[in-house]
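All chains should be modelled from the sequences, with the hints used to inform the complete structure.
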Amino acid sequence: MGPKVAAACAFGRATGRPVAIGALDELARVVDGISGTRIQPAE
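Numbering (full-length UniProt numbering), first residue to last: 1 to 43.
Just so you know, the hints here were simulated from the structure itself, not pulled from any lab data. Heads up, some of the hints might be wrong.
So the derived label-pair ranges between C-beta atoms look like this [as the list claims (entries may be wrong)]:
id : residue 1 : residue 2 : range
1  : 23        : 43        : 25 to 31 Å
2  : 7         : 31        : 16 to 22 Å
3  : 20        : 43        : 16 to 22 Å
4  : 35        : 7         : 17 to 23 Å
5  : 4         : 34        : 14 to 20 Å
6  : 33        : 9         : 15 to 21 Å
7  : 1         : 33        : 14 to 20 Å
The C-beta atom is built at its ideal place from N, Cα and C for all residues, glycine as well.
So, in structure tokens, the structure goes:
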């Protein structure tokens, strides 16, 4: 999980946008914020 989190953090810092990490078979739940890991960039 470490490399995914590092890449998500880098993406969030570069874009200023939130990031979601989750399984593709749970994509709808990840997008809805029910499943997975969400990373919100600092403001």
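Verification of the supplied hints:
1. Judged by the Cβ atoms, the range 25 to 31 Å given for residue 23 and residue 43 holds: they are separated by roughly 29 Å.
2. Distance hint for residue 7 and residue 31: a CB-CB separation of about 19 Å, consistent with the stated range 16 to 22 Å.
3. Separated by about 18 Å at the C-beta atoms, residue 20 and residue 43 satisfy the suggested range of 16 to 22 Å.
4. With their beta carbons about 19 Å apart, residue 35 and residue 7 fall inside the hinted range of 17 to 23 Å.
5. At roughly 19 Å, the beta carbons of residue 4 and residue 34 sit within the given window of 14 to 20 Å.
6. For the hinted restraint 15 to 21 Å between residue 33 and residue 9, the CB-CB distance of approximately 18 Å keeps it satisfied.
7. A C-beta distance of roughly 19 Å is found between residue 1 and residue 33, which places it inside the suggested range of 14 to 20 Å.
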